[in-house]
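**Q** Residue strings, one per chain:
Number of protein chains: 2
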Amino acid sequence: MTDAQAAFAKPSPKQMADAIRVLAMDGVEKAKSGHPGMPMGMADVATVLYSKFLKFDASRPDWADRDRFILSAGHGSMLIYSLLHLTGYKDATREQLENFRQWGAKTAGHPEYGHMTGIETTTGPLGQGIANSVGFALAERHLAARFGSDLVDHRTWVIAGDGCLMEGVSQEAIALAGRLKLNKLCVMWDDNEITIDGKVSLSDNTDQLARFKASGWAVKAIDGHDHKQIQKALAWATKQSKPTLIACKTKIGKGAATMEGSHKTHGAALGATEIAATRQALHWSFDPFDLPEGIQKAWAKVGKQGAKARKGWEARLLNHAQRDDFTRAMAGDLPTGAFEALDAKLKELVSSQPALATRQSSGEALETVFNAIPELIGGSADLTGSNNTFVKNTQILDAPDYAGRYVNWGVREHGMASAMNGMALHGGVIPYAGTFMVFSDYSRPAIRLAALMGVRVVHVLTHDSIGLGEDGPTHQPVEHLAALRAIPNLMVFRPADTVEALECWQVALQHKKTPSGMCLSRQKTPAVRLTDAGENLSRKGAYELKAANGEAKVTLFGTGTEVALALKAAETLEAEGVPTRVVSVPCFELFEQQPKAYQDAVIGRGTVRVAVEAAIKQGWERFIGEDGGFVGLTGFGASAPAEVLYREFGITAEAVVEAAKARL
Amino acid sequence: MTDAQAAFAKPSPKQMADAIRVLAMDGVEKAKSGHPGMPMGMADVATVLYSKFLKFDASRPDWADRDRFILSAGHGSMLIYSLLHLTGYKDATREQLENFRQWGAKTAGHPEYGHMTGIETTTGPLGQGIANSVGFALAERHLAARFGSDLVDHRTWVIAGDGCLMEGVSQEAIALAGRLKLNKLCVMWDDNEITIDGKVSLSDNTDQLARFKASGWAVKAIDGHDHKQIQKALAWATKQSKPTLIACKTKIGKGAATMEGSHKTHGAALGATEIAATRQALHWSFDPFDLPEGIQKAWAKVGKQGAKARKGWEARLLNHAQRDDFTRAMAGDLPTGAFEALDAKLKELVSSQPALATRQSSGEALETVFNAIPELIGGSADLTGSNNTFVKNTQILDAPDYAGRYVNWGVREHGMASAMNGMALHGGVIPYAGTFMVFSDYSRPAIRLAALMGVRVVHVLTHDSIGLGEDGPTHQPVEHLAALRAIPNLMVFRPADTVEALECWQVALQHKKTPSGMCLSRQKTPAVRLTDAGENLSRKGAYELKAANGEAKVTLFGTGTEVALALKAAETLEAEGVPTRVVSVPCFELFEQQPKAYQDAVIGRGTVRVAVEAAIKQGWERFIGEDGGFVGLTGFGASAPAEVLYREFGITAEAVVEAAKARL
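One line per chain: the protein sequences are A and B, in this order.
Its first residue numbered 1, the first sequence is counted upward by one per residue in UniProt numbering.
Its first residue numbered 1, the second sequence is counted upward by one per residue in UniProt numbering.
It is possible that some hints are incorrect.
When chains are identical, the list treats them as one kind, so a pair holds in a single copy or across two.
What the hints assert, rightly or not - Under the rule of at most 30 Å between Cα atoms (straight-line distance), these lysine-lysine pairs were calculated in the DSS-like manner: (1) K30 x K524; (2) K199 x K392; (3) K311 x K220; (4) K32 x K249; (5) K264 x K181; (6) K311 x K347; (7) K345 x K181.
Keep in mind the hints are simulated off the structure, nothing from the lab.
Please construct the entire structure, taking both the sequences and the accompanying hints into account.
**A** Laid out in structure tokens, this is it:
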């Protein structure tokens, strides 16, 4: 052993933290891009957390009862990559660190869920991690109530930065966590007083401790470089009956020879000179990415210290009465017979289907699956009655027993959507929740992340058009169908009646890696699916609902409440001797996944094509071509009763007929 | 005078408030839709505010130095309609109240800016009003610094509900207001403990007073039905050196005979029986919308009591040295010569234009106009250096003197965008501010309202594609161009080089009633406009940048950094003997407004059409038809250097050539 190695033979906690500092510095330097300041600043806190508190076993990143660590300040991704590497996660290799931010590497600029094991959620857009964590912590409490603390008893630890706390979504998250008394949630705030533009005080002077306290948190401030204080604070956190905030006063870029404390360490490589000087100051004489043996061993030991607990847990699981159900739920598989009632209802409906608002149809779909799929957790952003998200007799999910299955999210669309992501990522639950469709704009950043991560959450978006009526243009989505359809890997459903609503719900729940938006009407609409197709037609995204009498001259496309208008228009055209098909399009995204031959057959090129949807045209050219007709909107709505709006904006069967005739 | 009339001959403040209650109840009843609970609950506070504190003159709703009243809880729109009617605003007629929520009426379900005078901003989406108000109050402070308190010295009063305070954007707003010491901002919180789903405590137990205090506000709690307490509290608010929160404990639906305090009064008509009983309880024996003379007179007097102050102000304006500048600025007109430097720069550029990132080009555009247009107020959500929004030597807009012209918004995209709306609505300033384009998702609800209201704000959205590089998919917009283009009345610009950037900025600033998004690259791009067109070509939305050599066989479309790729592809095609045009498309929205003949000429039907944009295809069919080629993305990006991403995702000149050839 060389002298250099000997100095690390039995590394101090400070030296173990320095390993993170050096790796972070090296990774960013090699990539010539990244954020070294935060990993260096929070290395001490992370070291104490991982070595003394975090329940995990690096060899089993999928251990269901592990503690969850969430790096809300995702730009500090080298912190988590370093930790996963040091503790021995299999795919956190040295090569991955060396390829930080490069094509094909698992070490993306911000931590990406699904790229490297040990990354619990994708973070980077500020505030999302802290809001996710509420979902993680809530899922834990619920599953503990369902399966017992023998199987479920873990904590959620979050590192958040000033940016996370400035984002509005953090307020929604902390208010929720406080209200729900999520005492196993601990946020370690990297209180370094620095943001990109300079000092935090340039734009903020909030007393964060007071703010969290006002929302029902237990709070504490410490020196984030003093390992004893950190240890004491984390121990304190585990004993509170409320969620905990620990303000960790740190220096950004801690350890950097001359740049420590400067916002210049935030978002750029330190440069060769500074790195050399820093190595010297840390007595770290090893090449980039090289680690002294003593450090390697000490950290590897940390990675293994949870093995015993994990094995004990596995033994408990093996003999647990609910073992199979727990394993199935955590795997995200649906119970056998999940759709028995739904299928029965479908059969029943095609013989007699009443006119309902599609939000009611969605409510009926939920009635058929809610008891059959105990993982379903409902909720609404304070619009329960309007969203039809509440299945009767459901217990509210709330402290102290957490066994309930319906969350009162409050007027917090963004926090709700972000927490839903956390719930789905935790596993064992399938969250769905409602708001008005227009407010999908509020939750959009979290919906995007659901799509990027590929998690199963269902957004129930009611009042899906000018059919909302009197509440007026602020509440009427007109561009939201297009805007949601624009998000890759998001299934945007707009069912036309109860049969389609049931089908769409089935598809949504069957897709384990795809979030859905269920777009639903406020107003009643007649049933359009009156015969038994023997299969789930909505699964194809679009299908011929009504064939033409004879060789089709016209194809009419519609979604949701406008399918009925298309059918009525087809009736008129047929009566005038124009053979007309009607295609219902419940989901653009799924249609794109069909074989080309099917797509061509459904689209019916060569026929006159007209689409009707109470929204803007964008995206419909895919179906109607450049010359097709479109009956919809070109601007915002207005305040008036729904039927008046449809008439005044010219979204009528007559207009559809006219658009077709003009092209015949 | 009848006995019934006599009882109101000299109405008490309580009786004046009852007039609001009855009108709100009647308006909602007639519409059979609306929200009576909040207007009834806050009638007392509103009565004291309007009769004792609000500086206004109903006959001159455009008086520049009026106090601003913002109903953040916009669903209580009958409160403001009643107040405007009672105080004598010309267009707040009885007929308008009777046509509440009907087609063509100015009394929309939620207050709509531009429909009825006296409505300062569109509210309804919760949290927006309170965030707007920060912009109103900041604009006031700035203009007072610029023009003196002789001309600018007014307050911003806000009524906000529980929903507003639960929304995350409210936290961004209150933190900003506290930091900026906006002491002339007063929020009256309707603390009625009720939301739609029931008691506030179902989803929230935040100590709001402590929360506001933590962000630097002065706070006070009162009985919101006790006129003396209200008066004392509002007087107190006018004397603070911080923004003020007054928690007004109220009963929702106050005055309703049996439903007072129930969430059932929130969002539905009370019904004939309850209304009759309530009339009796209030000793109000008049027909719907009928008002006793005494009430009419007393309220009309309130509407006129600001006339003297207004006249005094007009006299001061008449003799003010800065009269013309003030009047011009408040009218939203640009100074003479606003674009002299910009025009000069344009001429200079076409002879020698360097390769720049378009965010740098945008920065150069700002350099040419910032000093020429003193109304411009810049800012960034903590990405100043990245957004190129800061013009050198600009003073920061901050307490205590507020004369600066650059706002450190902090990591608060949503609050920033909403406050910008408030600034623009206040008048006298033209706000622009930056963030990464992907975070337009965070500010989207406010951008939508800017478009709906028609206000001039410019969102500088940098890092507009995978060209952002290593930060990865969380930070790379791929669907955002489509999603922003979907918003009606929003100009989404994506300039290709410095010439286009200058042109787009000119167009954005010249549109008084249209918000803009300026989508700008992180990475450098070669100049494409190398000759002097003698006009602002970007104004047309799309134009032929390069003609074909001979009869065009191919048309290539591109935007932003991809225009250079289209040009390169055209070169290859031309070299191979394929006459190829290139069309630059800096703004879809403006192109749609051109004459059809121009549109047809630019689109070039009959040629093979291919578009290239580092984003999803949605919306491009408008240009390329059903069979056109599209070189872009179908999903999310990845983390790697920009040039690697362009290559790996196949967004190259070669791919464009190939797409064209495949169709020839």
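**Q** Checked against the structure, which of the hints given earlier come out wrong?
**A** 3, 6, 7
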